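Could you slot chain B onto chain A? The hints should help.
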Amino acid sequence: MIGCVWLLMVIVAFICALCTGNMEKLSESALDGADRAVELVISMGGVMCLWTGIMKIADRGGITKAVSKLLSPLLSRIMPDYDTDSPAMKAVGANITANMLGLGNAATPFGLAAMREMQKQNSSPSFPNKSMIMFVVINTASLQLIPTTVAALRQAAGSTAPYEVLPHIWVTSVLTLVSGIVLAKIFERVRAV
Amino acid sequence: MSNFIIPSVIVLTVIYGALKKVDLFEAFTDGAKEGIGSLISIAPSLIGLVTAVSMLEASGFFDVLTQLLQPVCTKAGIPAEVLPLGLMRPVTGSGSFALLDSIMRRYGADSVIGKTASVMAGSTETTFYAITVYFGSVGIKNTRYTIPAALTADILGMFFAVFSVRLFG
Numbered sequence: 010m011i012g013c014v015w016l017l018m019v020i021v022a023f024i025c026a027l028c029t030g031n032m033e034k035l036s037e038s039a040l041d042g043a044d045r046a047v048e049l050v051i052s053m054g055g056v057m058c059l060w061t062g063i064m065k066i067a068d069r070g071g072i073t074k075a076v077s078k079l080l081s082p083l084l085s086r087i088m089p090d091y092d093t094d095s096p097a098m099k100a101v102g103a104n105i106t107a108n109m110l111g112l113g114n115a116a117t118p119f120g121l122a123a124m125r126e127m128q129k130q131n132s133s134p135s136f137p138n139k140s141m142i143m144f145v146v147i148n149t150a151s152l153q154l155i156p157t158t159v160a161a162l163r164q165a166a167g168s169t170a171p172y173e174v175l176p177h178i179w180v181t182s183v184l185t186l187v188s189g190i191v192l193a194k195i196f197e198r199v200r201a202v
Numbered sequence: 721m722s723n724f725i726i727p728s729v730i731v732l733t734v735i736y737g738a739l740k741k742v743d744l745f746e747a748f749t750d751g752a753k754e755g756i757g758s759l760i761s762i763a764p765s766l767i768g769l770v771t772a773v774s775m776l777e778a779s780g781f782f783d784v785l786t787q788l789l790q791p792v793c794t795k796a797g798i799p800a801e802v803l804p805l806g807l808m809r810p811v812t813g814s815g816s817f818a819l820l821d822s823i824m825r826r827y828g829a830d831s832v833i834g835k836t837a838s839v840m841a842g843s844t845e846t847t848f849y850a851i852t853v854y855f856g857s858v859g860i861k862n863t864r865y866t867i868p869a870a871l872t873a874d875i876l877g878m879f880f881a882v883f884s885v886r887l888f889g
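Chains as they are written, first to last, in my numbering: chain A, 10 to 202; chain B, 721 to 889.
If we strip away everything but chain A, and leave its shape as in the complex, we get:
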């Protein structure tokens, strides 16, 4: 999929440059773009590693377990196919908590474990059950305490207040997440497939 998008971008850029007579700029921009990417990785590096380091301290202190315990009654309500104490729901809680803390490396394995456990009790294995869909929909929304990549990018782009958009991002993510959950619930009833 990304391959197609990439192909499309490059072709559209070429055709557009042909039409607007910007071929010289296009040639420069390809090389500048590659440079800028490396520049970005380096200038984002410090901030991103600072946060993964800080969040690792929280994780080692046991915050992932504590928060996922706190979330479990809520999660059981929106994913009623599994018991609160089941391995599936434990993995679900750990995945969501790790995502909130920005521990991406830890979140994905928990997420995969959650899917595996949920699939074990899925009565028709070629179709996801309601709870599995709910879990994936939650994962397509993002709820992150410190949206590190965006903050690091803002800093790299010369923002004077890279973290100023934090409250905006929190409110927007919560609203988007709630919409996703509500929509999944609505679709679940409308399309009783």
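These are computed hints drawn from the structure, not numbers from a lab. A quick note: this is a predicted structure, and the numbers were derived from the prediction, not measured. Mixed in with the good hints, there may be bad ones.
As the list claims (entries may be wrong) - Partner residues are not named here, just some residues of chain A that face chain B (Cβ under 7 Å, in silico):
| id | residue |
| --- | --- |
| 1 | V14 |
| 2 | T61 |
| 3 | S132 |
| 4 | L162 |
| 5 | I178 |
Backbone N, C-alpha and C fix where the C-beta goes; we use that ideal spot for every residue, glycine too.
Structure of chain B alone, referenced to chain A:
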């Protein structure tokens, strides 16, 4: 407010770690090392996609697109400059970060457009990637209503992002 959030999170986390008897500095450096690992793993796709975005920018494509989208976007109340990001966000993470960078450098990171783009990029995940990875891992191809539900939420999220910047400035 944001002046308080960052130092508070750092201080509270370190105190929490100390109370829980975590080997603080070792945990920190282990985490930072993981950060370097993820940076290195996104670097190749970032090089490819920043190049493509930069070419699109130089070709004049974004100017043409923005002009074309302007009438519709004005009616919907969305700045036309951020709409390409809304289309890119569910498909590729690196691509949307490349686009966010280009938008912020064109219009300013602290401008309304730059802020709106930041909120859009930071408040949702790469929807198609998450769906592919999670359902793919258990061999499920028919995802039923997952895509409609997730994409509708993404579209609503775009409006929420615009309104949040209008509300909080």
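The hints, checked one at a time:
{"no.": "1", "hint": "V14", "in the structure": "holds, 6 Å"}
{"no.": "2", "hint": "T61", "in the structure": "holds, 3 Å"}
{"no.": "3", "hint": "S132", "in the structure": "violated, 13 Å"}
{"no.": "4", "hint": "L162", "in the structure": "holds, 6 Å"}
{"no.": "5", "hint": "I178", "in the structure": "holds, 4 Å"}
The structure shown violates just one earlier hint, number 3.
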